[in-house]
Amino acid sequence: MSSVTAEVGRASVDIPLTKDAREILERGTVISVGRSAQQIAAVDVLRAILQTPGTLADRAIRELGHDPKAISDQLPTEDPAGSSLSLRQLLVNANREAQVLGHYQVDSIHLLLVMLYSDSPATNVPLQKAGLTLYEVRHFVQSGTTAAVPADSSVTRPDRALRRKPWPSLRGVLTLSPVFLGIVGATAVAGALLWTDLLPGLVGPLTIAFVTLGWITSLCLHEFGHSVVAYLGGDRAVAGSGYLSLNPLRYANMLMSIILPIVFLLLGGIALPGGAVYINHSALRTRVWDSAVSFAGPLANFICVALIAIPFWLPGHESWITSTNANFFAALAYLGFFQALAVVLNLLPVPGLDGFGIIRPWLPYSMQAAANRYGMMAIYGVFIVLWVFAPARDAFYQTVFRLTQVAHIDGALIFLGQLHMQLHSLQ
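Just so you know, we're using our numbering here: the sequence shown kicks off at 1 and counts up by one.
Please keep in mind that the hints were generated in silico from the structure rather than gathered at the bench. Any given hint could be a false lead.
[To be verified] Label-pair ranges, simulated between beta-carbon atoms:
(1) 365 with 319: 57 to 67 Å
(2) 307 with 36: 33 to 43 Å
(3) 366 with 197: 56 to 66 Å
(4) 365 with 104: 26 to 36 Å
(5) 161 with 395: 33 to 43 Å
(6) 178 with 118: 51 to 61 Å
(7) 133 with 307: 29 to 39 Å
(8) 142 with 314: 49 to 59 Å
Every residue, glycine too, gets a C-beta built ideally from N, C-alpha and C.
Please take these sequences and the hints and turn them into a complete structure.
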């Protein structure tokens with residue numbers, strides 16, 4: 001059984017299969033083992049097709065006026081040596097049928113079509129004796145009707161689902177970097193020490209460690225959000241670049257991605273957006289996907305805000321905060337404040353920020369080119385305005401605090417966390 005199952009895996013390693021096709025091949029495996037065969041034969045696959053109700057192949061056979069059981073009874077018990085396709089060739093041909101029909105995966109109907117090939121007499125002969133032909137099956141798939149009935153524009157094509165491009169599988173693509181796991185672990189340790197107050201003399205450094213490491217974690221999640229949506233949208237290169245590993249060292253350069261954001265954070269200022277991933281926008285399926293890639297980063301920060309807000313949302317949370325763990329909640333609230341800040345900042349419609357990235361695909365190409373050229377200058381301009389222009393800074397921070405209030409994150413705890421960080425970062 002295991003050797004035959006391995007044969008199926010080898011034969012379909014580079015061929016995308018639908019759930020129905022995989023079920024048929026697994027059933028064919030059982031049938032071949034039942035007759036003590038060393039290899040799966042085409043007749044085993046056909047018998048599995050005829051014994052699997054509810055598939056597109058089963059629907060085609062029945063709607064074309066044939067009885068699957070009657071056909072199955074006509075099949076030879078054994079598959080004569082050399083009289084049919086190998087499993088690999090069968091799947092290659094089925095994949096070719098899928099491509100010709102504009103389908104993205106091999107389904108039961110493609111397996112049935114291959115059974116009708118003349119170079120597989122063990123399956124072709126009984127099917128043709130039953131009156132089933134390649135022409136009829138292909139016509140049914142393409143029009144949803146039999147050849148004897150005129151096509152009706154109101155009839156839904158049976159292959160509609162197969163004509164939709166499936167999302168790529170993330171299996172084997174997503175990985176967890178040891179660097180990221182180490183950062184998360186260090187954040188948890190700092191949080192545990194703040195919660196238990198085991199080191200009361202180190203509240204400031206522990207708060208700095210917790211907020212800073214938590215911020216780096218959120219940077220990884222932010223860039224991972226961009227990357228995973230880009231991968232699903234058509235840019236496979238992000239996987240090869242290591243962007244789906246949550247490794248902070250993979251996200252652009254250390255100066256702009258890690259060092260400067262941390263420096264600004266420790267100074268109590270506006271944290272820089274952080275890392276950046278390089279997206280091949282021309283590889284994305286549509287403009288909607290292009291916009292979604294930019295939106296995914298701020299969405300990751302918003303999810304971080306929501307997760308941090310959970311302890312502040314739950315009924316009776318006030319009783320949780322004691323003199324022992326108050327410093328932990330202060331650090332957590334301050335980290336939540338920075339996540340809210342990241343959401344508001346990144347959604348500004350300024351070139352270089354995600355807010356502009358959301359609308360960029362819908363703008364004229366001349367405007368997009370200009371934005372790409374002056375994007376970094378625009379980002380610096382935002383920080384200069386927020387640093388020196390009080391009305392803009394006040395409006396910005398009011399929006400951030402409004403978001404933290406919606407999340408029920410206590411403003412007094414945010415202030416306490418900020419105080420701990422600033423006092424010790426300036427020493």
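Of the numbered hints stated earlier in the document, which are not met by this structure? The structure conflicts with hints 2, 5, 7, although it agrees with all the remaining ones.
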